[in-house]
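Work out the full structure: start from the sequences and follow the hints.
Sequences listed follow chains A and B, in order. The C-terminal position of the first sequence is numbered 380 in the UniProt record's numbering, with every residue numbered one higher than the one before it. The C-terminal position of the second sequence is numbered 380 in the UniProt record's numbering, with every residue numbered one higher than the one before it.
Hints are computed from structural coordinates only; laboratory data are not their basis. Hints are supplied without guarantee of correctness; some may be wrong.
[As the list claims (entries may be wrong)] Sample of chain B residues lacking proximity to chain A, with all beta carbon distances greater than 12 Å (derived):
no., residue
1, K73
2, A74
3, G79
4, D159
5, R173
6, P274
7, T358
[Said to hold, decoys possible] Label-pair distances were calculated between CB atoms; the ranges are:
no., chain 1, residue 1, chain 2, residue 2, range
8, A, S148, B, K125, 45 to 51 Å
9, A, K259, B, N272, 38 to 44 Å
10, B, K125, A, Q354, 32 to 38 Å
11, A, A380, B, K125, 28 to 34 Å
Ideal Cβ placement from N, Cα and C applies to all residues, glycine included.
Number of protein chains: 2
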Amino acid sequence: MSGTPNAAGESSPSNIASYKIIDSTLREADQWATNTLSRDTKVAIAKALDSFAVDYIEITSPSLNEQAFEDSKAIAALGLKAKVDAGVGSVALVIGASSFSSDVSHEKSMEKIQESAVEVITYLKSQNVEAQFSFEDTFRSDLVDLLSLYQAVKEAGADRVGINDIIGGTTPRLVDDNEKLTERKGVINGDIECRFHDETGCAVGNAVTALEAGATHIDTTVLGIGERNGLVPLGAFSARMLVAAPEYAKGKYNLKELKALETVVSEAVNINVPYNNPVTGFSAFTHKAGIHAKAILNNPSTYEVFDPAEYGITRNVAINSRVTGWNAVRSRVDQLGLVMTDDEVKAVTAKIKQTADTRPLTIEDTDNILHSFHAELHKA
Amino acid sequence: MSGTPNAAGESSPSNIASYKIIDSTLREADQWATNTLSRDTKVAIAKALDSFAVDYIEITSPSLNEQAFEDSKAIAALGLKAKVDAGVGSVALVIGASSFSSDVSHEKSMEKIQESAVEVITYLKSQNVEAQFSFEDTFRSDLVDLLSLYQAVKEAGADRVGINDIIGGTTPRLVDDNEKLTERKGVINGDIECRFHDETGCAVGNAVTALEAGATHIDTTVLGIGERNGLVPLGAFSARMLVAAPEYAKGKYNLKELKALETVVSEAVNINVPYNNPVTGFSAFTHKAGIHAKAILNNPSTYEVFDPAEYGITRNVAINSRVTGWNAVRSRVDQLGLVMTDDEVKAVTAKIKQTADTRPLTIEDTDNILHSFHAELHKA
Numbered sequence: 001m002s003g004t005p006n007a008a009g010e011s012s013p014s015n016i017a018s019y020k021i022i023d024s025t026l027r028e029a030d031q032w033a034t035n036t037l038s039r040d041t042k043v044a045i046a047k048a049l050d051s052f053a054v055d056y057i058e059i060t061s062p063s064l065n066e067q068a069f070e071d072s073k074a075i076a077a078l079g080l081k082a083k084v085d086a087g088v089g090s091v092a093l094v095i096g097a098s099s100f101s102s103d104v105s106h107e108k109s110m111e112k113i114q115e116s117a118v119e120v121i122t123y124l125k126s127q128n129v130e131a132q133f134s135f136e137d138t139f140r141s142d143l144v145d146l147l148s149l150y151q152a153v154k155e156a157g158a159d160r161v162g163i164n165d166i167i168g169g170t171t172p173r174l175v176d177d178n179e180k181l182t183e184r185k186g187v188i189n190g191d192i193e194c195r196f197h198d199e200t201g202c203a204v205g206n207a208v209t210a211l212e213a214g215a216t217h218i219d220t221t222v223l224g225i226g227e228r229n230g231l232v233p234l235g236a237f238s239a240r241m242l243v244a245a246p247e248y249a250k251g252k253y254n255l256k257e258l259k260a261l262e263t264v265v266s267e268a269v270n271i272n273v274p275y276n277n278p279v280t281g282f283s284a285f286t287h288k289a290g291i292h293a294k295a296i297l298n299n300p301s302t303y304e305v306f307d308p309a310e311y312g313i314t315r316n317v318a319i320n321s322r323v324t325g326w327n328a329v330r331s332r333v334d335q336l337g338l339v340m341t342d343d344e345v346k347a348v349t350a351k352i353k354q355t356a357d358t359r360p361l362t363i364e365d366t367d368n369i370l371h372s373f374h375a376e377l378h379k380a
Numbered sequence: 001m002s003g004t005p006n007a008a009g010e011s012s013p014s015n016i017a018s019y020k021i022i023d024s025t026l027r028e029a030d031q032w033a034t035n036t037l038s039r040d041t042k043v044a045i046a047k048a049l050d051s052f053a054v055d056y057i058e059i060t061s062p063s064l065n066e067q068a069f070e071d072s073k074a075i076a077a078l079g080l081k082a083k084v085d086a087g088v089g090s091v092a093l094v095i096g097a098s099s100f101s102s103d104v105s106h107e108k109s110m111e112k113i114q115e116s117a118v119e120v121i122t123y124l125k126s127q128n129v130e131a132q133f134s135f136e137d138t139f140r141s142d143l144v145d146l147l148s149l150y151q152a153v154k155e156a157g158a159d160r161v162g163i164n165d166i167i168g169g170t171t172p173r174l175v176d177d178n179e180k181l182t183e184r185k186g187v188i189n190g191d192i193e194c195r196f197h198d199e200t201g202c203a204v205g206n207a208v209t210a211l212e213a214g215a216t217h218i219d220t221t222v223l224g225i226g227e228r229n230g231l232v233p234l235g236a237f238s239a240r241m242l243v244a245a246p247e248y249a250k251g252k253y254n255l256k257e258l259k260a261l262e263t264v265v266s267e268a269v270n271i272n273v274p275y276n277n278p279v280t281g282f283s284a285f286t287h288k289a290g291i292h293a294k295a296i297l298n299n300p301s302t303y304e305v306f307d308p309a310e311y312g313i314t315r316n317v318a319i320n321s322r323v324t325g326w327n328a329v330r331s332r333v334d335q336l337g338l339v340m341t342d343d344e345v346k347a348v349t350a351k352i353k354q355t356a357d358t359r360p361l362t363i364e365d366t367d368n369i370l371h372s373f374h375a376e377l378h379k380a
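Okay, structure coming up:
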């Protein structure tokens, strides 16, 4: 794949340390199955996105209706650092160009598409407005159509072209092939924005692959909300990029704002943060297995891909289970300020494992066992 | 990437239509932060996994304790089609070989690891037991160590070698590079099992890439449960593979059993199915936006990567929003058996959009609007 020279010795630009984030939470929330947001909520989300420092905030098209128009004015009036996208700071055009999304005969629709696309882009640029052009269904579109259309919109002055997987059907390999090809053909030499839906669980993998292959902008939503399975989740993507290029990810974005941002959005659209959500899922930094817990206490990097402190989150070594080890219990004993020898800790560990075999234990349960065991010791 | 000849004209085996699924739900649930399963629950999950037709069911090592031993006997006694893995039908060895997971000096630990690995595998094969050998932390391990260790265990007769990303830190590109290299070196020519954790959202993307690059077995858990962020979710993976190679995915696995399987597991470990879970998330096949809804009614493939009916699930076109279109309302009107002209449907659509601007609407709300509008019409 791209990013490093491959077997052919060919290399291509990797943008894993120079990408921009275009967040679509506000736009997708309006289209999504469960919710319509009030203006106050939209403003709160826009502010939280700006605190995280996303580069663009995409909102519902003001042309949709009166409310969307007023909402967009309210958000534009906030004077955020982020560019507000949708007829305010810039305009994004989307045209479905695959045979699936064209009712009329294919050739005919392509001519039409190209005509109107060029016309609109030319007008926007004459008004000094940032113009982005996207295929809605890139990976099922005819390649010749794609390339000629991209060429046309670039010539018309489009600031960015978009590669979209609206159905969530593509894979890292196809993303890599697609971008390498457009690159080799020299068709797209400017900014490339990618929008990946998540129907088959590959959105984040596709996004990092796209950046390695030369894409420059990634569309995200907070918690991945969006129609059907939504798109690239901002949190998972930021974790992926924190590992790929730590300095850029930490320097450009305020990772510690993620949890607050996800809280605002999850409450606004009334969803729970998934138990396995990267970074903020409730067990993301909980360690339970004995050997894991021991290693974590010695060196967190053993089982943590990054330090949760980067996100202002603390790890938790759980001892309320049958697979706990005495090292984990030792650290909890010390946390509680109880005085025990290693042999005593091993003894109480055996007791905890035994009890955990018979019934589920909460952290409180295990703390009680530790306290009463400790009391027994000092009574004796 | 692999699967198709790359720029160098080099091609490698793609196993997207010949993979096997090793499900670790029962093993991971025991290690996970929230729950310990009763024997009855384990048996129920094992049966549900067998109904879906996973190839292997991995369970907690019987050596852990009395209960694990009895549980494994109970599951082995079920006479399932799937192979039960962990000292019953076969044995999986895991050794942490990266510098992170070795306490003693690196070289020394590598000699030790190789010695004991070869010893155990030789013994297992002498007992006619299926033996699998895994690195716990493949992608942070020294390449020379990796290759020589793989070579040694293959020579010792290991049936499968495992490539693990225990920290969830790898990407599709790194997976592709890793497998292409081991292939080219001819080190691994037999079965390759891959286990990808999901800390940075790439587990499914890594899994499909691994299969394209020559891997043969993928580890999954139901709903992706597992320590921290868990690993490749069975549902998302099956959806990914249904798109990649429909005939194999439909022919070999009972996709219609997925929802029941996920229900058993989510209740057993007491978690909610994430709102954006592929296939079974509550809005996975809900369509709301006007243009999307219209297209879906004309041709579902426009915005659906596969037919939900493959999983025994039905789609839902929501009309309870400001962005609904009259085509969607038309289809709901027909579903409800109400008689309206197109103009009348357009009128009631306007009414719905108007109301949705002022307050969130449920499906019941919109049905009420349709019924009363219809009643008005026929009163007049």
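**Study point:** Ascending list of hint numbers which this structure does not respect
**Key:** Hints 5, 6, 7, 8, 9 and 11 are the ones this structure does not satisfy, whereas the remaining hints hold.
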